[in-house]
Amino acid sequence: MRTYLLKRFVMTVLVLLLVTIYLTLLIHVVPGDAAKTLLGPRANADLIAKTRAAMNLDKPVIAQVGLALWDVLHGSLGTDVFSGRPLNEIVGAALPHTLILAWTSLGLAVLLGVPLGVYSATHPDSWLDRITAVISISFITIPSYVGGLFLLLLFAVQLKVMPAIGLGVRGDVPDYLRHLILPAVALAITWVGYLARLVRASLLEVLNQTYIRAHMAAGLSQRLIFYKYALKNALIPTVAVLGIGVGNLMAGAVFVELIFSRPGMGTLIYNGIQSRNFPVVRAGVLVVAFLFVTANLLADLLYTYLDPRIQLDKTRG
Amino acid sequence: MQYVARPANRYQQFLNRIPVLGDVLRRPLGALGFVIVLAFIVMVIFAPLLTPYSYEEQDIPSMLQGPSQAHWLGTDHLGRDLWARIVFGARIALGVAVPAVGIALVGGVSLGLLAGYLGGLVDDVALVIFDSLQAFPAVILALAILALLGSSLRNVIIVIGLAWTPGYARITRAQVLSARQEPYVEVERSLGANQTRILFRHILPNVVAPLLILAAMDLPVVITFEAGLSFLGLGVRPPTPSWGVILSDGFNFIRHSPWPITWAGLTLIIVTLGFTLFGETLRDVLDPRLSGSRGA
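Going line by line, the protein sequences match chains A and B. Just so we're aligned, residue 54 is where the first sequence starts under our numbering, counting upward by one. Just so we're aligned, residue 2 is where the second sequence starts under our numbering, counting upward by one.
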């Protein structure tokens, strides 16, 4: 078990360092001078040279990669060449809003998706199961930006029952929550469908296993079998998927934050792209990658903890 | 199947004669998916015949109108016919999705075959690279690259192709690893066949089938991905009528007209639903073992 943990941890760090290297190299792979693109056509040579120096672009590529790695290993994301503010501060201001959004969506998805999946699995091939199947597949296929636009159009623009944009009044928690509802639902839609399908599939698989049949033969009540024995095991794959979920929610957050004009990582990266401010884009992407990889690592660990069989397999392998 | 024993009506007899598609059409959700995919393909091929308007013909006096006899779905902020833009948008959707998935398939299969077959250090290094490229969501990867490359139809196709390559490479690699252990490969090896022959004549045909199903199922994902990038203003450039561009235009005028968002959004949902239903049924019919194995 310990070797597995160590291996998994080393891989995570390695992946993050590689991502840093890619992001540093990316600027050289594509044509054009990043400093010039950042400053626009009217910048003078002096300013361009200064910006190049600030972005470390005047140093050899190897040195740039080295500096980037050094910064990351010291927990620094660098400095925004535009404002001169440390990027840790800029990212630190944006990150909490995205995390709150992502976790609320994930919570919503679990609250709605799991019961839907359980219902489908306990009533297989009934009409309601089929309708649930169509609903969950359609939910999976609704991209977060379409969901977000529809919700905005219906509840904020047409019915005017929900606030349309922003975070709400500073310090006013109920107002913050009210502003969170539509974006969180928009992000959750896909995952409600996905979790419903996943829970249905794994619950049906578990229900076919011998130990469940043994319980049935022993005359235990259906309810007890479902909730005490079957559901517990059927939810294990869901845990693994939720790890991936956090990452995908981050991706969807780019759109949702933009549609609802919320500050966050998505807006930060998007604005960075619009103003060609590559250091900001790089810092944003790196932090998202970090969260994605960590969430996967945690989900993996939780998964091995919940299902001892996997633990054994992996130590052997 | 239990259907064989039943007295078949003419529709059933017709279905029995078509090998794979017949099985797909026999399932209600598969049939629904097929109809939607067919309608989409008709839109792509016969776009100019389906609408009297061109997708960029402006009619400023009748801008942001609702559905009418003259404009079935209404008009956008420049008075352009929404139906025409959605119909021609289908061409963009497919025109990006097919080459992008093609790039990912060819690139991914080649890399996966190499990593899986050579094994050892090559495999380890390749796996770490695949992992690191999948360490962040594809949208973020695409955004970072497009930020530097600039947006154009060609760049979007390349970026999506690149973003999807590691996924295919990983799956190919896994398939190759299991195929290598199969008796038919060992027999070939013991008969003295060289590595290239084993790889291309024996392993490749066996790993390609599940990948093609996966590619078919990725088409709708890529279609929504392109529309998303175009919505952000980083994909297809206006006035080209990508569904994402229609959504983005509609978003700017959301307080004036609900129609552009409604129609473009519904089109995206229906098309992806159709492809997904059709793809999932096709997968179940072709390879029941794969059922439910698709990750997020």
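These are calculated hints, taken from the structure and not from any lab test. Among the hints, a few may not be true.
Claimed, not checked - DEER-style ranges, computed between Cβ atoms: (1) Asn10/B x Leu354/A: 52 to 58 Å; (2) Glu183/B x Ser129/A: 49 to 55 Å; (3) Ala270/A x Ile271/B: 45 to 51 Å; (4) Leu58/A x Arg202/B: 37 to 43 Å; (5) Ala270/A x Val99/B: 26 to 32 Å; (6) Phe15/B x Arg183/A: 55 to 61 Å; (7) Ser129/A x Leu22/B: 35 to 41 Å; (8) Asp178/A x Gln14/B: 40 to 46 Å; (9) Val209/B x Val82/A: 42 to 48 Å.
Note that CB positions come from ideal geometry on N, CA and C, so glycine has one too.
Okay, the hints, checked on the actual structure:
1. Asn10/B and Leu354/A have their C-beta atoms about 56 Å apart, which keeps the hinted 52 to 58 Å range intact.
2. A hinted range of 49 to 55 Å for the beta carbons of Glu183/B and Ser129/A is consistent with their spacing of about 50 Å.
3. About 46 Å separates the C-beta atoms of Ala270/A and Ile271/B, a value consistent with the hinted range of 45 to 51 Å.
4. The hinted range of 37 to 43 Å is satisfied by Leu58/A and Arg202/B, whose Cβ atoms lie roughly 42 Å apart.
5. For Ala270/A paired with Val99/B, a C-beta distance near 53 Å fails the hint of 26 to 32 Å.
6. With their beta carbons about 24 Å apart, Phe15/B and Arg183/A fall outside the hinted range of 55 to 61 Å.
7. At about 58 Å, the CB distance of Ser129/A to Leu22/B disagrees with the hint of 35 to 41 Å.
8. The supplied range of 40 to 46 Å is broken by Asp178/A and Gln14/B, whose beta-carbon atoms lie about 26 Å from each other.
9. With their beta carbons about 30 Å apart, Val209/B and Val82/A fall outside the hinted range of 42 to 48 Å.
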